[in-house]
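Peer 1: Working from the sequences, and respecting the hints, build out all of it.
In this text, residue positions in the sequence shown follow the numbering used here: the first is 1, and each later residue adds one.
There may be inaccurate statements among the hints.
[Claimed, not checked] Below 20 Å or equal to it, Euclidean Cα-Cα: the simulated EDC-like pairs (lysine to aspartate or glutamate) are: (1) K425 / E363; (2) K514 / E119; (3) K139 / D313; (4) K514 / D77; (5) K210 / D193; (6) K447 / D398; (7) K210 / D230; (8) K296 / E492; (9) K447 / E390; (10) K447 / E391; (11) K425 / E465; (12) K514 / E117; (13) K514 / E290; (14) K139 / D398; (15) K210 / E200; (16) K139 / E352; (17) K514 / E82.
[Claimed, not checked] Distance windows between CB atoms, simulated: (18) D402 / E477: 55 to 61 Å; (19) A550 / E370: 45 to 51 Å; (20) A453 / E370: 33 to 39 Å; (21) G503 / A252: 18 to 24 Å.
Rather than coming from a laboratory, the hints here were simulated on the basis of the structure.
We treat Cβ as the ideally placed atom computed from N, Cα and C, and that holds for glycine.
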Amino acid sequence: MSLRPQPPLPLVPEDTARVAQTAFRRGNPYLLLRTRLGTIFADAAFADLYPIRGQPAYAPWRLALVTLLQFREGLSDRQAAEAVRARIDWKYLLALDLADPGFDPSVLCEFRGRLLEHEAAGRLLTRILEAARDQGVLKARGRQRTDSTHVLAAVRDLNRIELLAETLRATLNAVAVVAPDWLRDVAPPDWHDRYDHRIEDARLPETGPKREAYVLQVGADGYRLLDALDGAGARPLAVALPSVAVLRRVWARHFARAGDGSPPAGVGIRLRPVQGRGPGDRVESPYDVEARFRAKSGTDWTGYMVHLTETCDPDLPRLVVHTDTTPANVHEAMRTGEIHAALAGLDLIPSEHLVDAAYVSAEHLVAAHERHGIALIGPARSNQSWQTREEGAFHVTDFAVDWERHRVRCPEGHASTSWGAYRDKASGRAFIRAGFSPAACRACSAKPRCTRAGSRRLSLHPRAEHEALAAARMRQESEEGRQLYGQRQGIEATVSQGVRSFGLRRARYRGLAKTTLQSVATAAALNLDRLAAWFSLRPLAPTRTSRFKALAA
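Peer 2: This is the structure in structure tokens:
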């Protein structure tokens, strides 16, 4: 397929315009978007995705719009192609003649493949933001807010035994495609009894010796296949399969065997102890090797996390300006800097960024201000020492720090006797430790309120981080700061809309790249919906209040 951009883009045919305006006398979001934003996309924005020679491709500006409409309405490729053929409002937005036959559904899949191949999925959202900026409803250096939600991978949850057996079955199926004759000679007849059908459809042995024997048999079968693939007669195409690499990875984590070679069934093979399902690099399914397990706030899932950042300036529409999709086990704190860097690349840096505690640390507060001039606003993580839980105890904030003289003075007036800069071995973070004289602490009448050790020792952040953290906590305790931070809750409505109307929490595809494309297209489609509401002067829906609560209002 080749692309030859032909500006200017076509106008809406007269017959299509007449029928659409007659059918939608009370207005229609797509008609309004076409009137206010035009075609939105242009072929030139996707020219690098296509070769110079070849059969002419279907107009990519139309495919980009159809992709957003598809995500807005939760349609499959076949349903979206049918909507292009059958719906007047779609034809109006796409500037198609009433008799236009549309295209084959596979064209949409091919277009998404080009976006993924060239890492161009972000253009869908970027162009919508440019159109909003041209309309004067999106500005930099405003106020933004960020939150995340989970995304369920498009795979079945597997227990440990199912994971092992299904991984081997998936590898056998992949090898059977590229090296059928070789696999026919390698596979013993009893493999067909165990791996011809999906493991979830099989009746596995119950808990006990039979179940343990089954697991060891699966392990032995896997090692037998891997040894054959490592042999001299293995087919190179089979050895290079991604599913084979997954099999090696899963077997290395879950099995161990003594010596080399292929032992008889179960001999010399043992199942490794369960290593837990916390943060790590454990494969959860052979069909989506990038999906990860996570448990958070009483919810556990296998899949991904998506972070949404939207504007929240008064008298302007709430537009999603950035999405960030990661495996589920990547903590929010690891994405704060990445989100700010991405916003800087879009020239959409906010002056105030409202986030929850997961995104805030002393390092983030300083980095956001120094690198981008962002006031990162969110609750600082609380100190977990016993002093913070006991009334009347001396907190770290009660100590006066003299940074120039490298000295700390306690609430009772005693000065510290030691000061040293250190670096945490695990995280590599710098910190300062100040200590007081044991003799002075023993003689102090306020010692029970200060420390339970022989003397008080303080661990302090470096000066910039210490002061940023103190300012953040002071702002959080003020009425003005609480009112400002209260606006962060509005991002929950965006997450809710994305979940209820756009299927945000269920991956339509497998793999991180495709799930990222889904989140970007969803955000762009959500922005189209909100721009249409803004142009039609449709007010934001009020927060729901129950009738019983209204009695006390």
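Peer 1: Would you mind marking each hint as holding or not holding in the structure?
Peer 2: We went through each hint and held it up to the structure:
For the hint linking K425 to E363, the alpha-carbon distance of about 17 Å falls within 20 Å, and the restraint holds. Proximity of K514 to E119 is assessed by CA-CA distance (about 10 Å); at most 20 Å being required, the pair is judged to hold. The straight-line distance between the Cα atoms of K139 and D313 is roughly 9 Å, inside the 20 Å bound, and the hint therefore holds. Taking the CA atoms of K514 and D77, the gap is near 15 Å; set against the 20 Å cutoff, the hint holds.
Between K210 and D193 the CA atoms are separated by roughly 16 Å; this keeps the pair inside 20 Å, and the hint holds. The straight-line distance between the Cα atoms of K447 and D398 is roughly 14 Å, inside the 20 Å bound, and the hint therefore holds. For the suggested pair K210 and D230, the alpha carbons sit about 30 Å apart, so the restraint of at most 20 Å is broken. Under the criterion of a C-alpha separation no larger than 20 Å, the hint pairing K296 with E492 is consistent with the structure, at around 17 Å.
Between K447 and E390 the CA atoms are separated by roughly 14 Å; this keeps the pair inside 20 Å, and the hint holds. About 14 Å separates the Cα atoms of K447 and E391, which keeps this hinted pair within 20 Å; it holds. Between K425 and E465, the direct Cα distance comes to roughly 19 Å. Compliance with the 20 Å bound is thereby established for this hinted pair. Between K514 and E117 the CA atoms are separated by roughly 11 Å; this keeps the pair inside 20 Å, and the hint holds.
Restraint check: the Cα-Cα separation between K514 and E290 comes to about 11 Å, which is no more than 20 Å; the hinted pair holds. With a CA separation close to 41 Å, the supplied pair K139 and D398 exceeds the 20 Å bound. Between K210 and E200, the direct Cα distance comes to roughly 18 Å. Compliance with the 20 Å bound is thereby established for this hinted pair. Taking the CA atoms of K139 and E352, the gap is near 13 Å; set against the 20 Å cutoff, the hint holds.
The suggested pairing of K514 with E82 is violated, with an alpha-carbon distance near 23 Å, which exceeds 20 Å. Here the CB-CB span from D402 to E477 is close to 24 Å, at odds with the stated 55 to 61 Å. Distance hint for A550 and E370: a CB-CB separation of about 47 Å, consistent with the stated range 45 to 51 Å. Against the hinted window of 33 to 39 Å, the Cβ-Cβ separation of A453 and E370 comes to about 36 Å, which satisfies the hint.
Checked against the given bound of 18 to 24 Å, the beta carbons of G503 and A252, roughly 36 Å apart, lie outside it.
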